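Once you have looked at the hints, place chains B, C and D on chain A.
4 protein chains.
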Amino acid sequence: MSRLRGRFSAPTSEEMQRFSSSLKVDLEMAGEDIEGSIAHATMLGEVGVLSAGEAAELVAGLSAVAADLASGAWRPDEAEEDIHMAIEARLTAKIGELGGKLHTARSRNDQVATDLRLWLKRRLADLDLALGGLIEALLARVKNDGRVLMAGYTHLQRGQPIWLGHHLLAHTWPLVRDRQRFAGALGRLDACPLGACAMAGTAHPIDRQRTAALLGFATVSENAMDAVAARDHVQEVAAACAICMTHLSRMAEELVIWSSAEVAFVQLGETYATGSSIMPQKRNPDAAELVRGKAGRVYGDLQALLTMVKAQPLAYNRDLQEDREALFDAVHTTLACLRISTGMWSTLEIDSDRFVGEMVGDFSLATELADLMAAKGVPFRQAHETVGEIVRWCEEEGGNLSLLTAESAARFGLEITAEELADCLDPEAAAQRRTSHGGTAWSEIQRQVELLSSSD
Amino acid sequence: MSRLRGRFSAPTSEEMQRFSSSLKVDLEMAGEDIEGSIAHATMLGEVGVLSAGEAAELVAGLSAVAADLASGAWRPDEAEEDIHMAIEARLTAKIGELGGKLHTARSRNDQVATDLRLWLKRRLADLDLALGGLIEALLARVKNDGRVLMAGYTHLQRGQPIWLGHHLLAHTWPLVRDRQRFAGALGRLDACPLGACAMAGTAHPIDRQRTAALLGFATVSENAMDAVAARDHVQEVAAACAICMTHLSRMAEELVIWSSAEVAFVQLGETYATGSSIMPQKRNPDAAELVRGKAGRVYGDLQALLTMVKAQPLAYNRDLQEDREALFDAVHTTLACLRISTGMWSTLEIDSDRFVGEMVGDFSLATELADLMAAKGVPFRQAHETVGEIVRWCEEEGGNLSLLTAESAARFGLEITAEELADCLDPEAAAQRRTSHGGTAWSEIQRQVELLSSSD
Amino acid sequence: MSRLRGRFSAPTSEEMQRFSSSLKVDLEMAGEDIEGSIAHATMLGEVGVLSAGEAAELVAGLSAVAADLASGAWRPDEAEEDIHMAIEARLTAKIGELGGKLHTARSRNDQVATDLRLWLKRRLADLDLALGGLIEALLARVKNDGRVLMAGYTHLQRGQPIWLGHHLLAHTWPLVRDRQRFAGALGRLDACPLGACAMAGTAHPIDRQRTAALLGFATVSENAMDAVAARDHVQEVAAACAICMTHLSRMAEELVIWSSAEVAFVQLGETYATGSSIMPQKRNPDAAELVRGKAGRVYGDLQALLTMVKAQPLAYNRDLQEDREALFDAVHTTLACLRISTGMWSTLEIDSDRFVGEMVGDFSLATELADLMAAKGVPFRQAHETVGEIVRWCEEEGGNLSLLTAESAARFGLEITAEELADCLDPEAAAQRRTSHGGTAWSEIQRQVELLSSSD
Amino acid sequence: MSRLRGRFSAPTSEEMQRFSSSLKVDLEMAGEDIEGSIAHATMLGEVGVLSAGEAAELVAGLSAVAADLASGAWRPDEAEEDIHMAIEARLTAKIGELGGKLHTARSRNDQVATDLRLWLKRRLADLDLALGGLIEALLARVKNDGRVLMAGYTHLQRGQPIWLGHHLLAHTWPLVRDRQRFAGALGRLDACPLGACAMAGTAHPIDRQRTAALLGFATVSENAMDAVAARDHVQEVAAACAICMTHLSRMAEELVIWSSAEVAFVQLGETYATGSSIMPQKRNPDAAELVRGKAGRVYGDLQALLTMVKAQPLAYNRDLQEDREALFDAVHTTLACLRISTGMWSTLEIDSDRFVGEMVGDFSLATELADLMAAKGVPFRQAHETVGEIVRWCEEEGGNLSLLTAESAARFGLEITAEELADCLDPEAAAQRRTSHGGTAWSEIQRQVELLSSSD
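Protein chains in written order, with our numbering: chain A, 24 to 479; chain B, 24 to 479; chain C, 24 to 479; chain D, 24 to 479.
Some hints here could point you the wrong way.
One copy or any two copies: either way a pair holds, since identical chains are not told apart in the list.
[Claimed, not checked] With a cut-off of at most 20 Å between alpha-carbon atoms, the simulated SDA-like pairs for lysine to any residue come out as follows:
(1) Lys399 x Val70
(2) Lys144 x Ser477
(3) Lys117 x Asp100
(4) Lys399 x Arg377
(5) Lys47 x Glu348
(6) Lys399 x Gly123
(7) Lys166 x Ser44
(8) Lys47 x Ala287
(9) Lys166 x Gly384
(10) Lys399 x Leu426
(11) Lys47 x His355
(12) Lys144 x Ala214
(13) Lys166 x Ala83
(14) Lys47 x Phe351
(15) Lys399 x Pro228
(16) Lys399 x Ala75
(17) Lys399 x Leu121
(18) Lys399 x Gly76
(19) Lys47 x Thr356
(20) Lys166 x Gly156
(21) Lys399 x Glu77
Hints listed in this document are in silico derivations from the structure and should not be mistaken for laboratory results. Predicted model, so just to flag it, every value in this text is computed and none were measured.
This is chain A alone, in the form it adopts within the complex (with noise of 0.2 Å):
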């Protein structure tokens, strides 16, 4: 066990090095410590303030530490601290003392800084993926069945006949600003803090740019003390997360309710469906309602990074260490849902004949009357509340719009001929109508199709 406990006269407790220690959630990020620390070798060597000889020597130690832990050789000590001095104590181990010279011109708080910063640019590439993934998976649907006729909904109430394609672009469109902004924050995260050291620089000639080149980065942060202290780009991704995961919630919502015996507009896979323990003809849309859950936790996650940076002073404080547990949280647990929810909705049974029948002549297309009168002149207000009236009557009579002729619709001060009603009716027609920009009609739904084709 190595701590650093120079100043001190006694060990901690076994139970406050529980307590404190974040191995087991650093092991994590343990590649990208030891990825940090080749390129802090190399450019130490480079530079001068190490041999050319150590400095090898020392990347060829971290090398085989990062062996042993991919093939499990080796795994780090319960025991110790954190995962960087697990390492370095490994390192000593093989190569002797010369691994004290690892420390040199960087501190741990520089150090976890990179960890966390690389180990979140793999992640937002996962997510970007796992987002791609579900974009095409909706698009594939919209290509596939996008043409099925459904009620529109509005407060969970039919509003107007949509084609389905219709529908399932706006679930894309959102997830495709979800990908903007973990765009956005990876472009914010993407500059290199080790370096920094404790918080104020050093005196050695180190070369940060170098490092950052080695690692990757696209640049450096400017301020070493903002460099340690900093979390705004964890709570970025987190919120990014929780905003994606809204829209998951909503996406699994729809699959809940449309796969109930009352609306079966929709069959899940059988894979995302289990049984019950004791109810035999169960399919319950458990894997919709996990995603739908999970939200929930992912929310937590980001008010726990919120608040747990919320009035420290700068810079490093232990608090902050809290962070990795949250965040990666947030992470796995949106890529799982992305993941989950893409296979979802590959392999959902949609019920093309669903709504055919039902919706001719059904309530959702009292707009088009509207429309229709207003289209002849009356305000819309007027029109509006004379079919209001006439939706009323037909409540009353014990059955939908179907019952409206055109003499019955003239008691209401409605002149429609016969042939506009029955075109007024007809739940298809009334969608193809919607040729607005971005409307319903299906050109439009072509259109939006092709625009998020060529954007990916």
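For chains B, C and D alone, kept in the frame of chain A given last:
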């Protein structure tokens, strides 16, 4: 692997299995799950749903599974869907097809609800104990160091001289209320859900009171659907944890401030401080910082638990599976922070001379002057204004209230003898003077200590 | 404008005044503030800190201010720093310099703490009443419509046939626990802080028990610093509101789903539904959606209250001023949602025939078959598997369990008479059969109604 | 009162009206609503849906309503359902039944979405300006007081000597990223939803690009359902506010600590400090405390916005009405805190001599010794251990590093000349030595100031 897939034609995917499995988390309540099953089987045997022999065989089998689990001879297969199925599979492997009878007159819904309540009952006992320990540690501190003079702060500005004991008791009372909150939560959740089945109860002639008694529950839940769908007890415990963590974070913040070089009122025990990887002199109050930071995490857990249940239709939905991870984290974090706080406050070194000299004539005695004027009949508001002007004059003179003499006081319209003035500006006398109920006078501190000691 | 700026040479800026003023929010507890002052003055007169005449004059003056406020003759000047200073200024304008004596032996810290607790005591009474009203409305529903057959859902999938009363009671019990939580909070906050002064008590010979009694508090707070610094009671009430809102959001979600065209189990009273500006037929469940949406707002209030107090050193800090806005919002929102929910559930029209025909032979009766097999000695797990296969067969045949005959059952190894089968597949019989404690059988519903009615 | 109740037989209740009305909140965007209507009417006239005369009359009428609103001649009736209906009613009162034609080819769904985006565009400009102001104030501080020596802290313990300018820049860079975040959000929301109607677009031959151009939007939203259902832009702005508030809270915390009696590094300008009602000497850092406390509130707003949209099926649901109150609060709070922070940091008095003497030989120079040893070839880890022992020895001797001489250093194995030692223990030299990119050396501070000044 045993999964409930009778109505399905295809197995689930590995990805979905990982995504939906709660086994890893639920291992924590494996013991409770087996206890619940033993009680259930016992009751089924007593009421005749199972024969006495069947019940005895099930109980023996379950006890053997429990023993295997405890000894480590058996670890549930990660491929199992959840802990309930894993245990039933193990049981069936041990005693054969009779194992399949265990699930008569119950569902996983009421089973998991029971496990969770049993687990909570035990953790609430742990929390009560840990809170009691911290309260005791604080009371011991009051007894030993309570009569150390210090500045009482508001707005982190020195307000009035107080005894340390007064301050410590201000941290103690909220913990007493935390205990009450946990006790209240316990009272509300101490009802056994077992036998509620999926949500509608059962036609089998079960005796739910008997099962409850076997498991040590105070009563049974009154409505089968509420029994499986409710999670308010989980939220309530998490909320009580969040409030408790707020208290611990306030105590921790003070340790961080008090142990800074500028205040230097306390020194953390070495166990609870750690060094720096770069700055050899550092004695960082890491334990206190971690406690402070972990408050955010528990707030996040609470937010997750609220959001997850929000707008969920009855009865059970799979989102609810997510409740354990957040709850377990909130409870374990709070427990650990209580214990670490107890250690920190027990091992703290207090610099009892820190404020003694510095506070003579300190501006924190200004209220004394104003109170004296008020006692002499000057309206307090006017006295307050006058003393404000005196403070300004002293500041401009570059000193503190020690500059004031009976003569200079008179110039501000404050008629006062040199003796009165000396008494006014003596910080210890000022503290002792505040004998109102709950005031900082030593007698009031003693009264509270007795009250708190006896109530325990 | 009266501000406490004796030691300052410059006035504050208008921007800062706006930023820091709490007057607008605190107007809500202006009445409580005056009541507190009247009690304080009365006590000061009784113990002799003020003369009887002074006390009487103060009380009369305060009563006059209260009357002016009530009649609207006086509105506090927005330029005042807070409600306490505004009232004191008004008082001094009325009775002269004696007004300045009112602030003897108290501080704004204990004053605002007292106002807030008085306010909370009254709102907790309102919440109790509102909860009682909603519980009563639900019980009335159970009595009138409880014996309507419906599908009991899990995962929004039909699970087993139940009576509506069973479902409504599952919403009622959590509200009973909400009431208990508010009562617990009340018990913990019913202690008067007045006389704690800034944080250290006072040297004046005050009688805090007397002040408490005059204000109707059960007791006094035991530690002066705790009295002004604690906000756990505010957080606890907000947490209880958040949990209660979770319950209301679940009820609201069901109204939204149940009133959709596809489920059509209920129709919201017209008062609680609204129209669309464009779709004349819409009858949107707006009240239910708003209740659901407002849950998020109360969760946000709770997070604000937790975060705001996190890591605050003792005693009072100005951050605490922010507590009122979040608390008031949480309490008023919960109260409004309770009342609107009461209205919605009272005026709801239920379609009692909705499920009657549709559920004969419905797959939600599958558990009946499995239970029957179990009763015949087949291990439940095996029965569950068998019935799962039967369900699949029925689905493949394009029907439901009505397709099953004694003969076809036998092919799956299920020995059953036609009579047994008919009984199994009768949804009403299935509901009535579940007579276990808390089950859906009508007798169990009646038992709960009596229990809940008597406990009120 | 104009409500859309054509299909309803009964009016709504006053309680429900109060509960569901958004008018009070939406007043804030009344101007944007009228602008949107003017653009819509203009476009309808241009494309021929309305005649040129009708369009002109509508525009004139709307302009008159806007003027009435601005002058206060008209206040919307609180009994109106929302701001849109109130304005339309006022318009119809002015120009008669033609007012009813305004709602052709639009819905309240796209109308409110447009209002909110217009409002956001303006507030994002305000936020950018306010952030720019604070950055400028900090840079001015750096230029004027940047070369004040201070302790650089980690864990609130003195770490290494730095220039104040280094610290201030560490607060500046996060604000630069905040600006970028707001700019990113603006880019994503700068698309006009008008013409999306309820969710499906319209059959009227509208020109959405024209409306967008009239309103100054960069583009139009591509999918009508996404246009009315999306709220990720609202969440994104709130998240950026929450992150920004985290930064302001960190700065505020430091002001609170730095202005305490024990640190006394700064004194807040009188405008931003306030007095106590009981302690005449107090100069409380209220403005800083309020900024700190308000962070919690904005976190709460963000959580409310996330939770409210979670699991909402498409498209519009009434829950979304709640978005404004939380968003407006988050934005206004952040704006106010940015402005107050600018004032606080501009008017701060800094005690430039505070640390000068005290830091000579301070333990914060320990890293210098270790770095020196490392430069002499001792592995840093060993140097770190050695200096830790020296620190302990100095502490035991009751002093600081000034006790160290070349002779005593040698006893610890540290070979050092008296001159090297003096240089090591000179805090200013230590600060100047750290010339690595982003280090605390004055040249690096100047580099950053130039970078930040030019980028603006």
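Quick rundown of the hints versus the structure:
Proximity of Lys399 to Val70 under the C-alpha cut-off of 20 Å is restricted to the inter-copy arrangement: shortest distance 16 Å between copies versus 82 Å within a copy. In the homo-oligomer, the alpha carbons of Lys144 and Ser477 never lie at most 20 Å apart, since the shortest distance is 25 Å inside one protomer and 28 Å across protomers. Taking identical chains as interchangeable, the C-alpha atoms of Lys117 and Asp100 lie at most 20 Å apart only when both belong to the same chain, with a minimum of 15 Å there against 37 Å between chains. When the C-alpha separation of Lys399 and Arg377 is checked against a cutoff of 20 Å, the pair qualifies neither within a copy, at 34 Å, nor between copies, at 40 Å.
For a Cα distance limit of 20 Å, the shortest separation of Lys47 from Glu348 qualifies both inside one copy, at 10 Å, and across copies, at 17 Å. For a Cα distance limit of 20 Å, the shortest separation of Lys399 from Gly123 across copies, 14 Å, qualifies, whereas the shortest one inside one copy, 87 Å, does not. In the homo-oligomer, the alpha carbons of Lys166 and Ser44 never lie at most 20 Å apart, since the shortest distance is 52 Å inside one protomer and 33 Å across protomers. In the homo-oligomer, the alpha carbons of Lys47 and Ala287 never lie at most 20 Å apart, since the shortest distance is 45 Å inside one protomer and 34 Å across protomers.
With identical chains, the CA atoms of Lys166 and Gly384 are never at most 20 Å apart, being 28 Å at best within one copy and 38 Å at best between copies. Proximity of Lys399 to Leu426 under the C-alpha cut-off of 20 Å is found in neither arrangement, the shortest distances being 22 Å within a copy and 54 Å between copies. Proximity of Lys47 and His355 under a CA criterion of 20 Å is satisfied in both settings, with 16 Å inside one chain copy and 16 Å between copies. Taking CA atoms no more than 20 Å apart as the test, Lys144 paired with Ala214 passes inside one copy only; the shortest distance there is 10 Å, against 29 Å between copies.
Taking the shortest Cα distances, Lys166 and Ala83 never come within 20 Å of each other, neither inside one copy (53 Å) nor across copies (46 Å). In the homo-oligomer, the alpha carbons of Lys47 and Phe351 lie at most 20 Å apart both inside one protomer (12 Å) and across protomers (17 Å), since each shortest distance falls under that limit. Within a single copy, Lys399 and Pro228 get their C-alpha atoms only as close as 81 Å, which misses the 20 Å cut-off; across copies the closest is 14 Å, which meets it. Only between protomers do Lys399 and Ala75 lie at most 20 Å apart by alpha-carbon distance; the minimum there is 17 Å, versus 87 Å within a single protomer.
When the C-alpha separation of Lys399 and Leu121 is checked against a cutoff of 20 Å, the pair qualifies only between copies, where the shortest distance is 14 Å, while the shortest distance within a copy is 89 Å. Proximity of Lys399 and Gly76 under a CA criterion of 20 Å is satisfied inter-copy only: 17 Å between copies versus 89 Å inside one chain copy. Taking the shortest Cα distances, Lys47 and Thr356 sit within 20 Å of each other both inside one copy (18 Å) and across copies (16 Å). In the homo-oligomer, the alpha carbons of Lys166 and Gly156 lie at most 20 Å apart inside one protomer (15 Å), although the nearest pairing across protomers, at 50 Å, exceeds that limit.
For a Cα distance limit of 20 Å, the shortest separation of Lys399 from Glu77 across copies, 15 Å, qualifies, whereas the shortest one inside one copy, 88 Å, does not.
When held up to the earlier numbered hints, the structure conflicts with 2, 4, 7, 8, 9, 10 and 13 and fits the remainder.
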